[in-house]
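K.L.:
Go ahead and model the full structure; you've got the sequences and the hints to work with.
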Amino acid sequence: MTNRTTPPVRRQERGRRRITEILDNAETLFAERGFEATTTNAIAERAGISPGSLYQFFRSKEEIVHSLAERYVTELETAQAAALALPPAHETLPQFIHRAVGNMVAFNIANPGFQALFARTDMKPALQSAITPLQRALEAGTYAALSMFARDKSDHDIAVYTQVTLQITRGLMPVIAASDPPRRRRLTDELETALVAYLTHTLAATEPNRP
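Letter 93 of the sequence shown, counting from 1, is numbered 92 in numbering that gives the first Met the number 0, and no numbers are missing.
Some clues are possibly wrong.
[To be verified] Pair by pair, the computed Cβ-Cβ distance ranges are:
no., residue 1, residue 2, range
1, Thr199, Pro50, 49 to 57 Å
2, Glu62, Ala203, 45 to 53 Å
3, Ala105, Asn40, 27 to 35 Å
4, Arg15, Glu35, 54 to 62 Å
5, Asp23, Ala196, 35 to 43 Å
[Claimed, not checked] Lysine to any residue pairs mimicking SDA-like chemistry, simulated, CA-CA at most 25 Å apart:
no., residue 1, residue 2
6, Lys152, Thr199
7, Lys60, Arg98
8, Lys60, Glu44
9, Lys60, Gly33
10, Lys60, Ile18
11, Lys60, Asp23
12, Lys60, Val72
13, Lys60, Ala109
Don't read these hints as lab results, they were simulated from the structure.
Ideal Cβ placement from N, Cα and C applies to all residues, glycine included.
P.N.:
In C-alpha cells:
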C-alpha cells in the first residue's frame, strides 16, 4: 500500500514546490516591473520552466495574482493582529503608533509584490476584489484601536481619523518599503512623528481611554 501511495504524494509535493516557485518569482517580477508589464512568459522564464508548465498550474496572470493575494491574507492578518491589537492600559499613543507602523513596515518589506499589486489607486476590479476583505479588516482594526484613545469623540469623528491615518500611512509606505535601510528608518520615524502629531491633536489623548 505504501509503494502505491508514495508516487502520488511525491507528485503533490513537487506540485506544491513548483507553485511556490512560480508565486515567488511572480512576486519579484511584479515588484520590479508592475502588473501590466509582467507577462506569464516572463514569469515562466524567471521560474525556469516553460510557459506550458506554468499553465498547468495557473491559467492566467490574474490567477497568479489571486493566489498571491491568498498568501498575503495569512501574513497580513498576522501583521495586522500584531499592529492593531488593542492597546493595554500602560501603552501610550506614541508607543501604539510605533508598534503599529513597525509591524506594517516589516510586512511590506517581506512582501515586495504587495505594494506593486494592491497599494495603487488605479487597481483593476479583479485585484480589488482580492484585497477588499483585508482592507476592511485593517480599517476595522484601526478604528477599534483609535477608539481606545478617544475621549468624547463621536463614531463619525473616529471614522474620519481612521481614514486620514490610513491614507497618510498608505502614502508613505511604498516609499519606505523601496528605500535602503538608513533612509527607511528615517522615513519610518517621520511617518510615526506625523501620525503622533495628528492623532495627539485630534484625539487629545496620550493614554488609552478605558471604560
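K.L.:
Are the hints correct? Go through all of them and say.
P.N.:
Consistency of the hints with the structure:
no.	hint	result
1	Thr199 with Pro50: 49 to 57 Å	holds, 54 Å
2	Glu62 with Ala203: 45 to 53 Å	holds, 49 Å
3	Ala105 with Asn40: 27 to 35 Å	holds, 33 Å
4	Arg15 with Glu35: 54 to 62 Å	violated, 29 Å
5	Asp23 with Ala196: 35 to 43 Å	holds, 39 Å
6	Lys152 with Thr199	holds, 13 Å
7	Lys60 with Arg98	violated, 35 Å
8	Lys60 with Glu44	holds, 14 Å
9	Lys60 with Gly33	holds, 12 Å
10	Lys60 with Ile18	holds, 13 Å
11	Lys60 with Asp23	holds, 14 Å
12	Lys60 with Val72	holds, 19 Å
13	Lys60 with Ala109	holds, 22 Å
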